[in-house]
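Based on the provided sequences and hints, a complete structural model is requested.
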Amino acid sequence: MALTNEILKQKLTDKFGEQLTEWEEQYALLTARIPADANLKVIQYLFETEGFQFLTDLTAVHYPDRTGEELCVVYHLHNLVENIRLRLKVYVPVEKPDVFTATKIFSGANWMERETYDNFGINFVGHPNLTRILNVDEMDYFPMRKEYQMEDPTRIDKDDEMFGRGGSI
Amino acid sequence: MSEQQHIQLAEESLAKQSTTLNLGPTHPATHGVFQNIMEIDGERVLSTVPTIGYIHRAFEKIAERRPYYQVTPLTDRLNYCSAPINNMGWHMTIEKLIGIQTPKRVDYMRVIIMELARIADHLICNSVVAVDTGALTGFTYVFQWRELIYEIYEEICGSRLTTNIGRVGGFERNFTPVAWQKINKFMEGFPKVMREFEALLNRNRIFMERCIDAGPISAERALNYSFTGPNLRAAGVDYDVRVAQPYSSYQDFDFKIPVGTTGDVYDRYMVRNDEIWQSYSIIEQALQKIAALEKEDPAQKDVFYAPESDAYHLPPKEDVYTKMEALIYHFKMIMGEIAVPAGEVYHGVEGANGEVGYYLISDGGRTPYRLHFRRPCFIYYQAYPEIVAGGLLSDAIITLSSLNVIAGELDA
Numbered sequence: 002m003a004l005t006n007e008i009l010k011q012k013l014t015d016k017f018g019e020q021l022t023e024w025e026e027q028y029a030l031l032t033a034r035i036p037a038d039a040n041l042k043v044i045q046y047l048f049e050t051e052g053f054q055f056l057t058d059l060t061a062v063h064y065p066d067r068t069g070e071e072l073c074v075v076y077h078l079h080n081l082v083e084n085i086r087l088r089l090k091v092y093v094p095v096e097k098p099d100v101f102t103a104t105k106i107f108s109g110a111n112w113m114e115r116e117t118y119d120n121f122g123i124n125f126v127g128h129p130n131l132t133r134i135l136n137v138d139e140m141d142y143f144p145m146r147k148e149y150q151m152e153d154p155t156r157i158d159k160d161d162e163m164f165g166r167g168g169s170i
Numbered sequence: 035m036s037e038q039q040h041i042q043l044a045e046e047s048l049a050k051q052s053t054t055l056n057l058g059p060t061h062p063a064t065h066g067v068f069q070n071i072m073e074i075d076g077e078r079v080l081s082t083v084p085t086i087g088y089i090h091r092a093f094e095k096i097a098e099r100r101p102y103y104q105v106t107p108l109t110d111r112l113n114y115c116s117a118p119i120n121n122m123g124w125h126m127t128i129e130k131l132i133g134i135q136t137p138k139r140v141d142y143m144r145v146i147i148m149e150l151a152r153i154a155d156h157l158i159c160n161s162v163v164a165v166d167t168g169a170l171t172g173f174t175y176v177f178q179w180r181e182l183i184y185e186i187y188e189e190i191c192g193s194r195l196t197t198n199i200g201r202v203g204g205f206e207r208n209f210t211p212v213a214w215q216k217i218n219k220f221m222e223g224f225p226k227v228m229r230e231f232e233a234l235l236n237r238n239r240i241f242m243e244r245c246i247d248a249g250p251i252s253a254e255r256a257l258n259y260s261f262t263g264p265n266l267r268a269a270g271v272d273y274d275v276r277v278a279q280p281y282s283s284y285q286d287f288d289f290k291i292p293v294g295t296t297g298d299v300y301d302r303y304m305v306r307n308d309e310i311w312q313s314y315s316i317i318e319q320a321l322q323k324i325a326a327l328e329k330e331d332p333a334q335k336d337v338f339y340a341p342e343s344d345a346y347h348l349p350p351k352e353d354v355y356t357k358m359e360a361l362i363y364h365f366k367m368i369m370g371e372i373a374v375p376a377g378e379v380y381h382g383v384e385g386a387n388g389e390v391g392y393y394l395i396s397d398g399g400r401t402p403y404r405l406h407f408r409r410p411c412f413i414y415y416q417a418y419p420e421i422v423a424g425g426l427l428s429d430a431i432i433t434l435s436s437l438n439v440i441a442g443e444l445d446a
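Protein sequences appear in the order of chains S and L. Just so it is clear: in the first sequence, position 71 is 72 by this note's numbering, and no numbers are missing. Just so it is clear: in the second sequence, position 304 is 338 by this note's numbering, and no numbers are missing.
Simulated from the structure, these hints should not be mistaken for lab results. Ideal placement from N, C-alpha and C gives every residue a C-beta, glycine not left out. It is possible that some hints are incorrect.
[What the hints assert, rightly or not] The calculated lysine-lysine pairs, modelled on PhoX-like cross-linking and capped at a C-alpha distance of 25 Å, are:
1) K90(S) x K226(L)
2) K97(S) x K95(L)
3) K50(L) x K147(S)
4) K130(L) x K10(S)
5) K90(S) x K95(L)
6) K42(S) x K90(S)
[Claimed, not checked] Computed list of chain L residues with no C-beta within reach of chain S, every gap over 12 Å:
7) I71
8) T174
9) V277
10) A333
11) G382
Laid out in structure tokens, this is it:
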């Protein structure tokens, strides 16, 4: 029987119970939130038992307003046999952004995690070489975080007040 | 003159048996800004450490301040050898977010453009593999035909390399008669050229000896490294987004997915060659389908965008000056008053190098809250040290060109 979002959700709930929360399905893609200390268990289970052996994408998002869980690491997994995708999210506080590395399961996670570290400062615990990859080594901040604005906020020759978001973000 | 300064060598450097070779970042054989610091023993590569990021332009950050229609030119500059596929992928991502259904004719027109882009990209990659093995003729020969593809883009959107082609919901203008003529001219002449190109290389003893068993990767390793596209298929996995998650009406087309067995340079070359033929056949089918649509209903000739998408792409300038509606849409778009639903969407398209994915988070505002590009080059280039370790230095060079690593996509 083909694996569908409902069956997958049921299986994951049976296995991990209350650990998986915030289920949603947007544009036919099942999404779940996993606690930071259980991310490897869930991914390992999905890899070995449910055939999610392909890591499509790994990135992060910064939500400055969500106090205590500002950073969100997003995994896109793909089961190529059943042709079904799954999105997993791990929220961590910006003061202590520790997430276990997926490099032991997916070799391809290596650079994706380095890029995420480079841009957001997520500390992937156990990563073999967690160094900057795209930005210069001397950089001492994480540029994709929302507090770093695209343009110099002190510029006065460009007034964005009338254009959507104004000068804030 | 002062006392001579002696170079201080590290203690262990005297005992070292291997040579450190700095290949790149600007080396004629790397076709882009890639640096590899290699440890070589004679001609054998022991290990290599790639350095990337030389042309990192922070597109994801820039996109957070750009309205949706202004992100399209950023996508051009990812894989600039097949920019239209990136453009279309981005348009389709927004269409998915908003829920726009494009008409069949638009889908087929998009398919034509995307497959032309795939042919152009594969032609470059394959002919460059030939150049790196010492055969320049094929390269110069097929480049005339890549030029013809660029002339088709030029006729449709006005630019050649970084195309910014199409709009959300369709195209900015209908294909002109000249554009159709140029497509037909390409379709007529290309098979002969392609057959000749294949005759030059496919069974060429020297080329085969150079490419077979150079830079192989197994299917398991390729999957574990999240390979996609021709590089994954050369290793023997028949994953193609066009079939797995059809977009732009690819389900209407009849085509094969070529796969290899060993994932070496020769397999990658052959898979790309076969894909060129498949793309050619897809364009042929698309032309027939469009002709059939127009025969059924002559009014179809004027369909080049989805009617419900008017509010999301800039209207033609002449309409802005003469029509009230168009003026309102233009004003709203420029001032950022466009209502885009909040939501998270991932959309993947089969780029020339693999799955190009757009992970877009919208908070309903004028610009993306977060946009992440899944760039196939970035993901598979990390396997390069593993692929070339133990091989010859000259194999490492052709492996780099046959993986088709595009610096723009690598560094975003």
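Restraint status (C-alpha distance of K130(L) to K10(S) at most 25 Å): The given pair, whose Cα atoms are some 23 Å apart, holds under the 25 Å limit.
Nearest-CB test (12 Å) between chain S and G382(L): violated (7 Å)
Distance rule for I71(L), whose beta carbon must clear each one in chain S by more than 12 Å: Check passes; 14 Å lies beyond 12 Å.
Interface exclusion of V277(L) relative to chain S, criterion Cβ beyond 12 Å: With a cut-off of 12 Å, V277(L) comes too close to chain S, as the shortest Cβ separation is near 9 Å.
25 Å limit on alpha-carbon distance, applied to hinted pair K90(S) and K95(L): Answer holds: K90(S) to K95(L) is near 21 Å, not above 25 Å.
T174(L) non-interfacial with respect to chain S [C-beta, more than 12 Å]: holds (34 Å)
Proposed proximity, K95(L) with K97(S) (alpha carbon, max 25 Å): Holds, at roughly 23 Å.
Restraint status (C-alpha distance of K90(S) to K226(L) at most 25 Å): Violated - the C-alpha atoms of K226(L) and K90(S) are around 51 Å apart, more than 25 Å.
Whether A333(L) stays farther than 12 Å from all C-beta atoms of chain S, as the label says: holds (32 Å)
Holds or violated: K42(S) to K90(S), with C-alpha atoms at most 25 Å apart: holds (14 Å)
Restraint status (C-alpha distance of K50(L) to K147(S) at most 25 Å): Not satisfied, since the Cα-Cα distance of roughly 47 Å exceeds 25 Å.
Checked against the numbered hints given earlier, the structure breaks hints 1, 3, 9 and 11 and satisfies all the rest.
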